[in-house]
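Those protein sequences? They're chains A and B, same order as listed.
As numbered in this note's numbering, residues -6 to 107 make up the first sequence, in order.
As numbered in this note's numbering, residues 268 to 378 make up the second sequence, in order.
What the hints contain is simulated information worked out from the structure, not anything from laboratory work.
One should not assume that every hint holds.
Here are the computed lysine-lysine pairs in the DSS-like style, where the Cα-Cα straight-line distance is at most 25 angstroms [as the list claims (entries may be wrong)]:
1) B/K365 x A/K55
2) B/K284 x B/K330
3) B/K284 x A/K71
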Amino acid sequence: EAGVAQSPRYKIIEKRQSVAFWCNPISGHATLYWYQQILGQGPKLLIQFQNNGVVDDSQLPKDRFSAERLKGVDSTLKIQPAKLEDSAVYLCASTPGSRTGEQYFGPGTRLTVT
Amino acid sequence: SQKIEQNSEALNIQEGKTATLTCNYTNYSPAYLQWYRQDPGRGPVFLLLIRENEKEKRKERLKVTFDTTLKQSLFHITASQPADSATYLCARTDSWGKFQFGAGTQVVVTP
């Protein structure tokens, strides 16, 4: 079974530029999560999708971050414009069915904003 | 707001000993507590899940407990090995699916 795929693995941009991350969850997984993990901290939930609907985006900085999950499969997370404090690893995860079950994580995208 | 706290200090332990990690939460008990392992440069990997009505769960050399009175979960690695060196994350899940991770505790097992 293929795992959660993410791309790119690394990205370096200047502040005020825009960037997009892509995630392909495990086939059949209905729930998809985007997390931000700053060095030395635990993952912080940005947004949670159930199929193509948003379940929780309470911690998503909506003035600069946006995410979509068209057709309930792949998802993209965008930052526009980026700030220095957005430098972090962006992790995507999915769960098989129940929204309370164990999560399967991708390798993450390391973003550096200069 | 809900909080979930782990010891931020790294745990240094000798090979063969038992490592014990603590996860404390505030306010109401979560429906589940989950433990994950994270290696540098990689995403977290699921290890164990324990439900609110369960006291203890085991998987090979791993054991997790859930004490709703103390609002605490303990995670044990018995007969620790250098390969167990990693950061271990605790996560709470509420019954409606809200998920929250702790900051993690780094474990270093020396031969």
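Verification of the hints:
For a cut-off of 25 angstroms, the pair hint linking B/K365 to A/K55 stands: about 19 angstroms separates their Cα positions. For a cut-off of 25 angstroms, the pair hint linking B/K284 to B/K330 stands: about 14 angstroms separates their Cα positions. For the suggested pair B/K284 and A/K71, the alpha carbons sit about 45 angstroms apart, so the restraint of at most 25 angstroms is broken.
The structure does not agree with numbered hint 3 stated previously, though it agrees with all others.
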